[in-house]
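If you read the protein sequences in the order shown, they are chains A and B. Count the first sequence with the working numbering and you get residues 1 to 404, in order. Count the second sequence with the working numbering and you get residues 405 to 808, in order.
FYI, nobody ran anything at the bench for these hints, they're computed from the structure. A portion of the hints provided could be inaccurate.
No farther apart than 25 angstroms at their CA atoms in a straight line, the calculated lysine-lysine pairs in the DSS-like style are these [unchecked claim]: (1) A:Lys346 x B:Lys421; (2) A:Lys184 x B:Lys804; (3) A:Lys346 x B:Lys805; (4) A:Lys368 x B:Lys772; (5) B:Lys805 x B:Lys412; (6) A:Lys262 x A:Lys101; (7) A:Lys377 x B:Lys772; (8) B:Lys781 x A:Lys368.
2 protein chains.
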Amino acid sequence: MNTQDLIKPLIQKNTTKILLVVLDGVGGLPVQGRTELEAADTPNLDALAQTSACGLHIPVSMGITPGSGPGHLSLFGYDPIECQIGRGILEALGLGLDVKKTDIAVRGNYATIENGIIKDRRAGRIPTEQSKKLTERLQNELSKIDEADVIFAPGMEHRFAVVFKFPELLEPGSSAVNDTDPQKEGNPPLYPVPSTPQAEKVARVAEKLINQAPEILKNEERANYILLRGFSSPPDIPTFENAFGLSALAIATYPMYRGLAKLIEMDAPPITGNLEEEIDFLKQNYHDYDFFFMHVKKIDSYGEDGNFDGKADRIEEFDLILPQILELNPDVLIITGDHSTPSLLKGHSWHPVPVLLKSPYVLGGLCKAFSERECTKGELGIFPSVNIMPLALANSLRLKKFGA
Amino acid sequence: MNTQDLIKPLIQKNTTKILLVVLDGVGGLPVQGRTELEAADTPNLDALAQTSACGLHIPVSMGITPGSGPGHLSLFGYDPIECQIGRGILEALGLGLDVKKTDIAVRGNYATIENGIIKDRRAGRIPTEQSKKLTERLQNELSKIDEADVIFAPGMEHRFAVVFKFPELLEPGSSAVNDTDPQKEGNPPLYPVPSTPQAEKVARVAEKLINQAPEILKNEERANYILLRGFSSPPDIPTFENAFGLSALAIATYPMYRGLAKLIEMDAPPITGNLEEEIDFLKQNYHDYDFFFMHVKKIDSYGEDGNFDGKADRIEEFDLILPQILELNPDVLIITGDHSTPSLLKGHSWHPVPVLLKSPYVLGGLCKAFSERECTKGELGIFPSVNIMPLALANSLRLKKFGA
Numbered sequence: 001m002n003t004q005d006l007i008k009p010l011i012q013k014n015t016t017k018i019l020l021v022v023l024d025g026v027g028g029l030p031v032q033g034r035t036e037l038e039a040a041d042t043p044n045l046d047a048l049a050q051t052s053a054c055g056l057h058i059p060v061s062m063g064i065t066p067g068s069g070p071g072h073l074s075l076f077g078y079d080p081i082e083c084q085i086g087r088g089i090l091e092a093l094g095l096g097l098d099v100k101k102t103d104i105a106v107r108g109n110y111a112t113i114e115n116g117i118i119k120d121r122r123a124g125r126i127p128t129e130q131s132k133k134l135t136e137r138l139q140n141e142l143s144k145i146d147e148a149d150v151i152f153a154p155g156m157e158h159r160f161a162v163v164f165k166f167p168e169l170l171e172p173g174s175s176a177v178n179d180t181d182p183q184k185e186g187n188p189p190l191y192p193v194p195s196t197p198q199a200e201k202v203a204r205v206a207e208k209l210i211n212q213a214p215e216i217l218k219n220e221e222r223a224n225y226i227l228l229r230g231f232s233s234p235p236d237i238p239t240f241e242n243a244f245g246l247s248a249l250a251i252a253t254y255p256m257y258r259g260l261a262k263l264i265e266m267d268a269p270p271i272t273g274n275l276e277e278e279i280d281f282l283k284q285n286y287h288d289y290d291f292f293f294m295h296v297k298k299i300d301s302y303g304e305d306g307n308f309d310g311k312a313d314r315i316e317e318f319d320l321i322l323p324q325i326l327e328l329n330p331d332v333l334i335i336t337g338d339h340s341t342p343s344l345l346k347g348h349s350w351h352p353v354p355v356l357l358k359s360p361y362v363l364g365g366l367c368k369a370f371s372e373r374e375c376t377k378g379e380l381g382i383f384p385s386v387n388i389m390p391l392a393l394a395n396s397l398r399l400k401k402f403g404a
Numbered sequence: 405m406n407t408q409d410l411i412k413p414l415i416q417k418n419t420t421k422i423l424l425v426v427l428d429g430v431g432g433l434p435v436q437g438r439t440e441l442e443a444a445d446t447p448n449l450d451a452l453a454q455t456s457a458c459g460l461h462i463p464v465s466m467g468i469t470p471g472s473g474p475g476h477l478s479l480f481g482y483d484p485i486e487c488q489i490g491r492g493i494l495e496a497l498g499l500g501l502d503v504k505k506t507d508i509a510v511r512g513n514y515a516t517i518e519n520g521i522i523k524d525r526r527a528g529r530i531p532t533e534q535s536k537k538l539t540e541r542l543q544n545e546l547s548k549i550d551e552a553d554v555i556f557a558p559g560m561e562h563r564f565a566v567v568f569k570f571p572e573l574l575e576p577g578s579s580a581v582n583d584t585d586p587q588k589e590g591n592p593p594l595y596p597v598p599s600t601p602q603a604e605k606v607a608r609v610a611e612k613l614i615n616q617a618p619e620i621l622k623n624e625e626r627a628n629y630i631l632l633r634g635f636s637s638p639p640d641i642p643t644f645e646n647a648f649g650l651s652a653l654a655i656a657t658y659p660m661y662r663g664l665a666k667l668i669e670m671d672a673p674p675i676t677g678n679l680e681e682e683i684d685f686l687k688q689n690y691h692d693y694d695f696f697f698m699h700v701k702k703i704d705s706y707g708e709d710g711n712f713d714g715k716a717d718r719i720e721e722f723d724l725i726l727p728q729i730l731e732l733n734p735d736v737l738i739i740t741g742d743h744s745t746p747s748l749l750k751g752h753s754w755h756p757v758p759v760l761l762k763s764p765y766v767l768g769g770l771c772k773a774f775s776e777r778e779c780t781k782g783e784l785g786i787f788p789s790v791n792i793m794p795l796a797l798a799n800s801l802r803l804k805k806f807g808a
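Please take these sequences and the hints and turn them into a complete structure.
Put into structure tokens, the structure is as follows:
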């Protein structure tokens with residue numbers, strides 16, 4: 001049985017507060033004997049781990065490296081295999097576009113075409129600044145196709161995202177349109193063919209888009225064509241409040257993580273700045289929500305760059321502000337990551353992610369520090385990430401007994 | 405979702421090598437305070453465990469004692485409950501017969517019949533030597549029944565196996581023929597009745613076999629009849645290469661383990677000898693495959709005999725040759741068993757099996773030795789055996805990220 005179905009009838013109201021801090025990519029691997037968490041000087045995290053329930057969680061399955069989508073959905077209590085997020089959706093969220101249940105999102109590339117043949121699938125990686133201007137031009141001239149409002153967002157270099165906003169919910173299967181990118185240069189672009197009858201409406205909009213865009217771009221030397229990939233609609237999943245009975249606020253400076261939170265209808269107003277700004281925002285809104293998802297991005301970025309010391313420094317930076325979080329005294333505080341990003345691997349990895357859960361109802365006393373190795377000794381064991389939300393609810397006394 | 409379905413779209417090519425060493429039945433239980441692994445002097449295994457990812461795996465489910473079939477299939481990444489291997493198949497493989505997807509395999513017993521009544525279901529446990537001769541006689545006179553080639557193999561005492569080799573794939577359900585063994589002496593033998601229409605073809609061959617064999621055996625005093633049990637066809641499962649993208653070589657001196665490997669189309673040429681011969685064979689073929697399954701049988705045999713010291717000695721024997729394996733420097737080395745065989749129980753048991761995984765991408769530093777108790781402290785935890793293959797692929801950098 002799906003975890004959400006199991007706990008749904010057990011949910012009870014309470015005034016307790018839950019704070020989930022996601023240190024993006026926090027898990028690591030040893031370099032010269034120590035992981036980033038072990039090398040970082042983190043007296044506050046370590047003291048907290050000593051009195052918390054600790055363990056390691058597996059986002060998808062053993063050996064599987066999660067993307068950011070499945071990593072976060074698991075933490076939010078959604079089965080990451082059942083609830084997959086399409087590439088178009090994730091790209092659109094990452095570029096700051098809102099995506100609603102009535103929308104179709106698509107990844108786009110500027111490309112170079114000559115006599116009907118794709119010469120360069122990336123239009124010579126045109127500068128981001130130029131892509132921004134071209135995308136504005138497309139937006140001005142193509143804001144509506146058929147019944148769909150069309151919203152563009154420029155990305156890095158040749159990339160952009162586009163969302164077709166339909167006036168009402170489409171039928172299931174509506175996003176089943178193939179990529180128009182032939183993947184190989186020297187070939188003509190493909191047509192956006194619907195692979196189900198339900199997808200015909202979306203394919204028609206896409207076809208008009210790829211027919212009209214080259215007219216608008218015809219004087220461009222390189223970016224005179226567009227290729228579309230990853231047609232997708234948002235996953236059909238319950239809202240976070242509906243699933244867990246919690247009003248929720250997302251605190252994230254990067255659009256993609258706000259976007260993931262918005263997919264399940266958490267409030268996620270745009271904020272900018274660093275950790276201090278996030279903490280201020282948390283404090284300002286602390287009385288208005290039951291649940292807070294606070295996202296700390298930079299740790300992952302340094303891991304992705306293979307910068308061991310930089311990642312350790314970012315962990316220390318978080319450790320320094322941790323006392324401000326503890327002052328709020330949330331009933332349940334969970335500190336973890338959405339996946340591991342060992343600087344050794346310069347990317348996401350399959351390794352279980354350390355987690356600590358502070359509440360009045362834990363054993364504690366099992367781990368000396370907050371690290372991958374110390375967390376193996378913890379009372380939570382090694383467990384699927386989707387179980388974090390039931391643990392959060394239980395520890396905040398928001399779940400009734402199962403069975404008599 | 406099935407693990408294989410989950411990882412299939414994530415598989416990417418690489419030139420990395422994976423070596424899976426199966427110490428058959430290695431897990432044990434304490435006798436005078438120490439298990440066989442704890443009593444054995446194993447400096448090499450212990451040193452390796454200190455720098456490896458360790459844990460314990462559960463072949464089928466907690467409390468379930470696996471046979472050799474499910475034990476190995478789980479290690480090879482196949483769900484042992486979904487993919488069950490029939491008794492006839494396992495017996496035929498164990499006696500060195502090849503089994504193809506177009507075959508039906510059956511276990512046989514010589515029996516004593518008198519006036520149509522089974523007097524002795526085991527023909528007085530005739531000597532193996534005699535059984536060998538009788539089986540040769542059956543083979544000579546019954547090499548073809550209807551369209552099926554019939555292949556016999558003698559076993560120990562009254563046992564034999566027979567394979568019906570059909571010219572083409574049979575329909576699903578074709579092996580649904582009941583045993584002809586009435587299980588009780590003093591009863592007449594049963595007819596091989598097809599329980600589905602698809603099984604009629606096989607039942608007809610079986611009926612001709614049990615009608616003609618007594619003619620051939622009529623002058624035997626005891627072994628004048630044959631009983632058939634466990635009609636089965638090979639499981640309909642993907643090949644190992646298809647499931648995991650790995651070319652694979654099985655190195656095993658016992659026919660059953662080569663046979664299990666051949667069921668999933670690993671290469672498994674016959675080899676004889678002891679550990680040294682296996683290592684030589686591994687070295688000779690090391691450049692030609694991605695994946696190696698090396699089976700070490702003797703540890704289990706001593707466990708089955710209840711010979712604690714003998715089992716510990718065989719473990720030490722393996723420890724002595726371990727440096728030769730390490731010299732090959734495989735990218736991923738996994739050392740484990742297919743199940744536990746505590747000499748205390750003189751047989752397979754349900755206990756989780758210690759495992760170590762060496763790769764550049766592990767934490768290590770959590771276990772002092774390779775033993776059941778030390779492995780409980782490891783970073784892999786206690787987990788289902790089917791997850792070993794995804795871990796092997798991840799650690800050999802052969803899996804892409806799941807989701808964006």
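Outcome of the hint check:
no.	hint	in the structure
1	A:Lys346 x B:Lys421	holds (21 angstroms)
2	A:Lys184 x B:Lys804	holds (21 angstroms)
3	A:Lys346 x B:Lys805	holds (13 angstroms)
4	A:Lys368 x B:Lys772	holds (19 angstroms)
5	B:Lys805 x B:Lys412	holds (12 angstroms)
6	A:Lys262 x A:Lys101	holds (11 angstroms)
7	A:Lys377 x B:Lys772	holds (15 angstroms)
8	B:Lys781 x A:Lys368	holds (15 angstroms)
Taken one by one, the earlier hints all hold for this structure without exception.
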